[in-house]
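Residue numbers (the working numbering), protein chains in the order written: chain A, 1 to 284; chain B, 1 to 242; chain C, 1 to 338.
Just so you know, the hints here were simulated from the structure itself, not pulled from any lab data. Possibly wrong hints are sitting among the right ones.
[As the list claims (entries may be wrong)] Straight-line alpha carbon distances no greater than 30 angstroms define the calculated BS3-like cross-link-like pairs of lysine-lysine that follow: (1) LYS2(C) / LYS18(B); (2) LYS2(C) / LYS71(B); (3) LYS132(B) / LYS173(B); (4) LYS70(B) / LYS2(C); (5) LYS18(B) / LYS156(B); (6) LYS156(B) / LYS132(B); (7) LYS6(B) / LYS2(C).
[Unchecked claim] These stretches of chain C come out as covered by chain A in the derived footprint (C-beta under 8 angstroms, 3 or more residues): (8) 17-23; (9) 316-323.
The structure presented is a predicted model; accordingly, all values stated were derived computationally and were not measured. Every residue gets a Cβ at the ideal spot worked out from N, C-alpha and C, and that includes glycine.
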Amino acid sequence: MANLEERRIASGFGFLGREAGFEIGESAFLRYSASDSYLRALVVGLTNTLAVALIGIVTATVLGTAIGLSRLSRNFLLRNVAAAYVEFMRNVPLLVQLFFWYAVITEGLPGAREALSPLPGVFLSNRGIFFPTFSGVPELQGFNFVGGATLTPEFAALLIGLATYTAAFIAEIVRAGILAVDRGQAEAAHALGLSRAQAMRLVILPQALRVIVPPMTSQYLNLTKNSSLAVAIGYPDLVSIANTAMNQTGQAIEGIAIIMAVYLTISLSISAFMNWYNAHVAFR
Amino acid sequence: MIEMIKVSKWFGLFQVLKDIDLAVARGQKVVVCGPSGSGKSTLIRLVNRLEVHQAGRVIVDGVELDDDPKKTDLVRREVGMVFQSFNLFPHLTVLENLTLAPVWVKHVPRKEAEGTAMHFLERVRIPEQAGKYPSQLSGGQQQRVAIARALCMRPKLMLFDEPTSALDPEMIKEVLDVMVELAREGMTMMVVTHEMGFARTVADRVVFMDGGRIVEAAPPADFFSAPKTDRAKLFLSQVLGH
Amino acid sequence: MKWLRDNLFAGGVSTLFTVLVLVLFFKLVPPFIDWAFLDAVWKPDSKACRASEGACWGFIAEKHRFILFGTYPYDLHWRPAIATVLLIGLWIFSAIRRFWKSWLTLVWLAGLTVIGILMWGGILGIPYVENERWGGLILTLLLTTFGVAFAFPLSILLALGRRSDMPVIRGLCVGYIELIRGVPLISLLFMASVMLPLFLPHGVTIDKLLRAQIAMIMFAAAYLAEVVRGGLQAIPKGQYDAAHALALPYWRRTYLIILPQALRISVPPLMNTFIAFFKDTSLVLIIGLFDLLSTVKISLNEPAWAGFGVEAYLFASIVYFVFCYSMSRYSRRLEQQR
């Protein structure tokens, strides 16, 4: 306490009601302006964290399952490409990969006027990724696109980085889960005349799921925690906004406490879900 | 029904099956026995191509098995199999285990498949277990479910790979009773087992294997009373000794 | 021919995938080779780099000393260089099963002393270098080494505590492990860099490197503890019974019978945690330490070399990959040996 007084740092959560006074680059759901309170800024950060984590989890699961299944394919090329992917992604730190993707987007991609368009209506440029929605199609106006939806370079880099990195781990979990199912199960399914695909879908995967779900949840949790690396590439997630707030107010203890409390809440809710799952869904 | 001509198979450098010739006619019951490691399980698993032979020919119900997956599918629809370790699907109820293949492979309407399933559950005398999961049943009950599961596909031929080896003694009889009944109805059967009593009452022929070869093949009366080879004599004395 | 049919064209779906992979391969690989090799600029000349279509490896050529050694005095780079080689040598040496004896600890103590002397200096006639100037690869390696060295014993205590019969100890250990595992590493690093100084008595300061190291140790201990606990759980109950039947007291029981078995089981997952930890040291960049990734990033700040991030981070990826991949191969071999 003496230290705090000496440094003229206020304590307590009173600062949350004060005007934040800084802008936030993007907000997934909420409106925000610099005249809003610190509390609102932090809530915006939290929704940004949840947005990137949620989309990341879905993408990583789809990608990871596909790669995990490919690892077990009878097709030589597919199997080895998938294996190489997993090896490379798992053995390079996520932070390096985030910087890499951010550099690819901001340095590698052309400006808005020369944007790449891999699909009609979808544009890749160093100003972000633009794609059509139900309400509109992106169009070039001046130096940037208008209409449709936008992924900012920060969001896109974070999402690509988190999803492709976590997918490698998910692939291994899916593979191990499938291998953990007793060989006799596949044999029995084949003996009954089920095709390989049917045996996988009806017999193997449902059983593998029991083994897969617990480590999968911890990967989801990891992805959510890893989304805090956003601070390094400037995506305004909870940690990076809390960091700004700490720098402005000097109230580090409160800032860190908020970060930790939020993540602990997320972690504990997911663990609670896991326990419920193990008790009810994991069959006898 | 089954025809094997000069069939050989290797696991790596080790030859598990050597020049097997075997024919099983429609309606016949063949019991395969022999010491462990003699290749009898491998032999029976060739019939529905759970194992792949490397030389010779395997013809099941007029279809010669080879690399063509369509032929394998065709044979598997006609051939039922019961495993030593049951291999019931633990995530499905008994009824779901029974209807899975008819619904997904033969595209039988679910209602009809469930009717068939209940019919066969009654035949194996456990209709009351339909809603339970495999792990809630005893070993003997599980194996009877496995038999019913195979029968639901209305197979022309049934394979049994040591169906009673994993069971406690008091449960062996309930499974064998079901198998005897099935045999009486005229099902073509190939059975790997050490249950010599079963072989005596049911089999048309006993095939004795050792070291990957068929050493003797004879009607049970001849085989049990007058085995021709020393190896068969030794085997019988060990199996019947206790 | 048969191999091709079985492995590439077994059925329609398989053929489709083969074609797809090949098409992607031919669409992506030639341009990549053009960029990375044929059109690349290898000379440290940023003007040539900007004029070229290809990769600018000249950036690495220009900055490799800074990337490897950070702000360590330029003339004295031989010292961290030797220290780096020595430390990697110690790691490799310790990987050999034959050397898993108690004297290995002495080898490490000797090795680390030499590394300490090299890095700090100030005796034997070599000039003193304060640790604010350490950076690059050696910092990454040191953070990992000391992180694991201190976290590991701590993690064993935590794992034993979590399985203790005493509710208070068990509660504390569970609380600690779950707390640390529930929050991102960044928040721990923030805590160490911003909060820790606030709680120290007046006049006492700990430097940034040490603070980061403490956070990394706290972090690693919680994760390692869960691995050790897995090993403890995998030991058959009969072993505990037998140890009890011999009337051995708790610490004897643990030290002589339980731990040796538990740790042997846990070696492969411990290695994986170790690799993850090595990767995680890169996060110290966020609180301003000059580890390998930091030095790469800072190199890009110079205006002449700004905009070559793709090359820079590709290079960083390769360096990290070489370390992590060899460790993961090694861990897989250990797994197969059992």
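Do the hints match the structure? See the list:
no.	hint	result
1	LYS2(C) / LYS18(B)	holds (24 angstroms)
2	LYS2(C) / LYS71(B)	holds (18 angstroms)
3	LYS132(B) / LYS173(B)	holds (22 angstroms)
4	LYS70(B) / LYS2(C)	holds (18 angstroms)
5	LYS18(B) / LYS156(B)	holds (27 angstroms)
6	LYS156(B) / LYS132(B)	holds (28 angstroms)
7	LYS6(B) / LYS2(C)	holds (23 angstroms)
8	17-23	holds (count 4)
9	316-323	holds (count 4)
In this structure, every one of the numbered hints holds.
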